[in-house]
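**Q** So the chains spell out like this:
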Amino acid sequence: MSTSHSADQCEPNLVPILDMVFQLITFFMLVINFKAVDVDKDLTLPVVGAADPVDQENQGDLLVLNVRNDGTIHARGNVIPNIDFFLQGEARVITSQSSVAPGDALPVTAVLRVDKKVSFEKLMKVVDSCKSNRFSKLDFVVVRKKEE
Amino acid sequence: MIRRSRRHKKKRTDSEVSLNMAAMLDMAFQLLAFFILTFKASPIEAQIALRLPDSTQTSTSSTVSLDTPPPDILDPSEFPLPIDLYSLPDGELDRIVIGSRVMKSTDTANTIQLYRNEMASIFEQPVFDSVVIRVGKELHYESLMQVVDLCTRQKAKDGSPMTKISIVPFK
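Residue numbers (our numbering), protein chains in the order written: chain Y, 3 to 150; chain D, -1 to 169.
The set of hints was computed from the structure by calculation and includes no laboratory data. Since the model is a prediction, treat every value here as computed from it, not as a measurement. Any given hint could be a false lead.
[Stated by the list, open to error] As a list, the in silico DSS-like pairs of lysine-lysine whose alpha-carbon atoms are at most 27 Å apart:
#1 K153/D to K147/Y
#2 K139/Y to K127/Y
#3 K118/Y to K147/Y
#4 K43/Y to K102/D
#5 K119/Y to K147/Y
#6 K155/D to K118/Y
#7 K102/D to K139/Y
#8 K38/D to K127/Y
#9 K119/Y to K139/Y
#10 K43/Y to K139/Y
[To be verified] Which residues of chain Y face chain D? A partial, calculated answer using Cβ under 8 Å:
#11 L16
#12 P18
#13 L26
#14 L45
#15 G51
Beta carbons are placed, not taken as given, at the ideal position from N, Cα and C, and that holds for glycine.
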């Protein structure tokens, strides 16, 4: 009698495994990066020691420009064939959306993610283009080396 | 009549309610598989912030001729600290020149080490307020950032971190 009773009630306890799975899901949801479209993972960033960690809360609006080894520029997941034309368009949109005067510096930080093998000449073309289109605040992204 | 309905209610609450966890577990595992497959650990990124002057204030094509002799670094009252970065045709760092001092080694890492030692001796007593880095056009971005990085670690004359760093290309 007791044997048949235990056979009817035999069910695995799924609650602990469900707890564990939800904890794992929570972990992955917290570390997932939804800004991945801005970030070109094919770049190899330079490694330096004294750069400041990225303060994402106080950065304000950002325009991320990825400069690859061959000099091609990617922004928002697309190749930018003409950086001047692209920045002019961005500057026009930002000016119309904010209260900035036409000649003033734009309240947007241009974040330059540049491959470590890019030549200084190519870098300066991008920097000059940013400067002429009133993106006067630039951040150069690097990989932070651990101090010995 | 009332008594019968009460008895009915009591019977319902006594019966066991079992949740089917299997469906929930299926969904949770699907979510977990998605997150595991799309997860890619990225290195810790940092930034070096620079504020450029307005384009109306300076010419964008401010270049320095290679023939221009570097100013004497022993006179910090008149000149910023001049650091010249010469590159090889393949973009590697050839040598670093600070005033009349030349730092050159067999590879970039050793050259940077010599530069680090030189900067330590120059900034033992902070006398410079600003730095001008003149760069060969082929130089790789990594070498430039290593030099800029070491400049930002130095102290200006007033004890504050060195922030006045100009980067100009050689003609």
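**Q** Which earlier hints can't be squared with this structure?
**A** 4, 6, 7, 8, 12 and 14
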